[in-house]
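Engineer: Let chain F serve as the given structure and place chain Y on it in line with the hints.
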Amino acid sequence: MAVSPEKPRCFQDVILRLQNYWAAQGCAVLQPYDMEVGAGTFHPATILRALGSRPWAAAYVQPSRRPTDGRYGENPNRMQHYYQYQVILKPSPPNLQELYLGSLKEIGLDSSLHDIRFVEDDWESPTLGAWGLGWEVWCDGMEVSQFTYFQQVGGHDCRPVPGELTYGIERLAMYVLGVDHVMEMPFNDPDSPVPLSYGDVFRQTEQEYSRHNFDGATPEMLLRHFEDAEAECARLLAFEATDPKFHGRANVMVHPAYDQCIKASHLFNLLDARGVISVTERQAYIGRVRALAKKCADAFVLTEAAGATL
Amino acid sequence: MPDLLIELFSEEIPARMQARAREDLKKLVTDGLVEAGLTYASAGAFSTPRRLCLTIEGLSAESPALREERKGPRTDAPGPAIEGFLRSTGLTLDQLVVRDDKKAQVYYAVVEKPGRKAPAIIADVLEKTIRTFPWPKSMRWGSGNLRWVRPLHSILCILTTEAGAEVVDLNVDGIVAGNSTQGHRFLAPGRFGVQSFDDYLAKLRAAKVILDQAERAEIIRNYATQTAFAQGLEVVEDAGLLTEIAGLVEWPVPLMGPIAEEFLGLPPEVLQTSMKEHQKFFSIRNPATGRIEKFLTVANTEAADNGATILAGNGKVLAARLSDARFFWDNDLRVANEGMTLWAEGLKSVTFHNKLGSQAGRIDRIALLARELSAVTAADAALTERAARLAKLDLRSAMVGEFPELQGTMGRYYALAAGEDQALADAARDHYSPLGPTDTVPTAPVSVAVALADKLDTLTGFWAIDEKPTGSKDPFALRRAALGVIRLILTNDLRLNLLQTLVEPVRRNRAAMPVVTSDEAPSLSSDRVEAECALTPATDLLGFIHDRLKVFLKDEGIRHDVIDACLAMPGNDDITLLVKRARALSAMLSTEDGTNLIQGFKRANNILTQAEAKDGVEYSFGPDIKFAEGDEEKALFTALDQAEASITPAMRTEDFAAAMAAMAALRAPIDAFFTAVQVNSDNQLVRRNRLNLLHRIRTICGQVADLSRIDG
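Those protein sequence lines, which keep their order, are chains F and Y.
Using full-length UniProt numbering, read the first sequence as starting at 1 and increasing by one per residue.
Using full-length UniProt numbering, read the second sequence as starting at 1 and increasing by one per residue.
It should be emphasised that the hints constitute simulated quantities derived from the structure, not laboratory data.
Be aware that one or more of the hints could be misleading.
[Said to hold, decoys possible] In silico BS3-like cross-links for lysine-lysine, where the CA-CA straight-line distance does not exceed 25 Å:
| hint | chain 1 | residue 1 | chain 2 | residue 2 |
| --- | --- | --- | --- | --- |
| 1 | Y | K26 | Y | K117 |
| 2 | Y | K208 | Y | K137 |
| 3 | F | K105 | Y | K208 |
| 4 | Y | K137 | F | K7 |
| 5 | Y | K137 | F | K294 |
| 6 | Y | K550 | F | K105 |
[Stated by the list, open to error] Here are the simulated distance ranges between beta carbons:
| hint | chain 1 | residue 1 | chain 2 | residue 2 | range |
| --- | --- | --- | --- | --- | --- |
| 7 | F | N95 | Y | D198 | 26 to 36 Å |
| 8 | Y | R291 | F | S53 | 53 to 63 Å |
| 9 | Y | L535 | F | Y72 | 50 to 60 Å |
| 10 | Y | G471 | F | N20 | 51 to 61 Å |
[Stated by the list, open to error] Covered by chain F, per the in silico footprint, the following chain Y stretches (three or more residues, Cβ under 8 Å):
| hint | region |
| --- | --- |
| 11 | 150 to 159 |
| 12 | 192 to 206 |
| 13 | 293 to 306 |
Quick reminder that beta carbons are idealized off the backbone N, C-alpha and C, glycines included.
Bound-form chain F, shown alone (with noise of 0.2 Å):
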């Protein structure tokens, strides 16, 4: 589809600038992870992808879940669902800042009326083991994107080091159309035959889901959800690694195990969300975590798609 040339008018055209641009860095654009989390980080994209020695190049929108962020849909910018648009380029390019500012330029943040600035901000993640550095990249002192070399994920270096990019789309558009409210930012063309709001789509779910977060989600169900996820993830990567079924090659199951990390992590910030993990406890369950993901990076290392000779 064609961008116009002016100002985007609504929040999709925000993240359909973003997609043809990063499409037109050569970029394979993906599709949101099919599950829920807490950043576009999480998506075995990115996080998996880190690791190894093959190149990859991907961007694509992930809807990220906070449950403890929930307003019912009353505060200007903060909701318990929200959009990151996530690029990662592995090796990191020479010009990935350069890249990056043309990015903001496509969706109108120009550099000759903008003060953009790139303000150290270091990235770690306790339930990912990884960390890398970077800043907060500003726009007239408002935080609108993060920017990362990502230097370590579960326990591993990252060689070569990929660039990470993540936009918080909603609050980088509001700017944009000069929006106050979150809720009454057009999210599709306003003159459209049918102009919906942010609101007209998310305010509903967003007092749904706070109150689900908050006061509705069983937290014996949770723990329980949250202690099979851990023992699921450990038991798909005690399989042996050769498959009988595919031609006895190796076969390890690293991406459903994966897939169960994420179910923790984010049966983690329900039950955390519920009020009912102690401040002690909280740090048991973050290392908890932490150790899936160490086990589903330590598999994934030896996979094919990390560049591993089998």
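Structural biologist: Just chain Y now, kept in the frame of chain F:
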């Protein structure tokens, strides 16, 4: 002589690391050059967000040739000796020189090192500097293995002489040193070549980059001060923030904007903290009202619309932040008006330390101790206890949750909002002080009692569970707490027996520890056993406080041995008394009489100690003047009588200066005595009398301090 210019151009260097990086670059490169035999006249380092720069003037063009000779073994020495010499010099036998040396022939190794040209040396030194640069955190990027703070893109390295500029031949992992750089990312993209440091400076400026961080800071400061002044306002000074902002921009463009009316009612500290922490804005204050009315942001670019868009955007972000702050403030005030019970309840479930129980338990202990200490600080006991109970409740407030650095500050606002006494509210704000060696020390009696109780509870708690600082590890800032105790006591002239004060809190902290149920564990049933168990850590803690006191007094110029001489005296846990004594002793030792008196005292003490050891008796009988032989001996009797008559009452009134003066007056008679008199006389009666006389010197001086511990 050539000048050297180095620029390491990278992606954005964190502002907080730049100052240290400038120093490191300068030191590593100049040290390396000097070590390789070069000399230089001057060096200067600069940084912007994207570059680290070093300029060296008057560098020598090459290192001098060196000739080194080493003498080896004799030619007839055993084989292994000669082999060892060859190994250590890296030469072969035929490369050695043989010379006559007195009676024998001796091998010499002569090593000639030719001089090296500066560019070769620079290339080595710079490469090593880049590869070993001590960044607090560094990273790899792309497919490479090189580490830098963020991806390193180019190296400029030129030597400039009258003949022109020469690029130093250097290649670090594919980054080839050149003579070009780039200007401002947005305002002047594109590379340009440079010939010298002056040329570099001028071209950077034309390309919208101000190299010198101090100049950038000055531009910001000037603009802020003048613009504020023109509007009848003033800038809230913040040197740390200024340095940080100067490290975030290459071309500073300050912009001032208003804060919306609806937020002006927030406490100024809240506005200031929110703007500084989240947005890196300066606060602009109305001096008449003390209110913060405007913000100042510093953009890194000159925008086509003169910054209107940038300012509007920043204002919008600020409004969102301050809406949050106002939401916290309104909610907190509601809780405060209800007596803060919600927060007090909440602190029951907040763990202070897993071995020391909850924050609420800690507050109970502090309140008890503060009540006890109120007698020492002359504060109202009930008010002090209440102050201690309320002082930390703001830890549960939403505002402190968001801005931990506002702890205490918010406590004061909330206490006042709850209608509490002013002295109590001040104690909430001030009881964390002093935090450092130069921080203001509270003086209001209630604040002092709560501040002291707070620190003593921390110290006794961690001593009770044996989590003391080790080496550089002091995760609970216990050294700082001990220094706080010392400064609170000294500034306020508090008189208390610290050891006794420590025992009970140690016991209470132990009681807070989770009960370990074990069949073998003895039950601490009786109070006496508990008190004894608490005495050991309390005594150890007192030793720790004494150690901190030594460090503190050392800054005052008081030596360790002087403090040891005073620590050996009874009542050494009364810090005020101890320091009075140490200051007087130190002052006395700075006089000539004082130093000489120490000599005389030590001589007397040594002779006496030896005699006592030899004779197996203690010469503590009073000496009798009728056995005194010469005038000098008689004069000492008189002098000691006089000294004792002055010292004893002076000690009773803690007039250490008078006591020291009286003691120093003994110097002349003691010296005269030792010059004229032989203590170990053949006449046993005379000898015993003289030893008893020396004993009087020991006793009289010993009332003041243990002089035997003084060095020298």
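Engineer: Compare the structure with each hint and give your call.
Structural biologist: Hint check results:
no.: 1; hint: Y/K26 / Y/K117; result: holds (20 Å)
no.: 2; hint: Y/K208 / Y/K137; result: violated (29 Å)
no.: 3; hint: F/K105 / Y/K208; result: holds (21 Å)
no.: 4; hint: Y/K137 / F/K7; result: violated (39 Å)
no.: 5; hint: Y/K137 / F/K294; result: holds (23 Å)
no.: 6; hint: Y/K550 / F/K105; result: violated (62 Å)
no.: 7; hint: F/N95 / Y/D198: 26 to 36 Å; result: holds (31 Å)
no.: 8; hint: Y/R291 / F/S53: 53 to 63 Å; result: holds (60 Å)
no.: 9; hint: Y/L535 / F/Y72: 50 to 60 Å; result: holds (58 Å)
no.: 10; hint: Y/G471 / F/N20: 51 to 61 Å; result: holds (57 Å)
no.: 11; hint: 150 to 159; result: holds (count 3)
no.: 12; hint: 192 to 206; result: violated (count 0)
no.: 13; hint: 293 to 306; result: holds (count 7)
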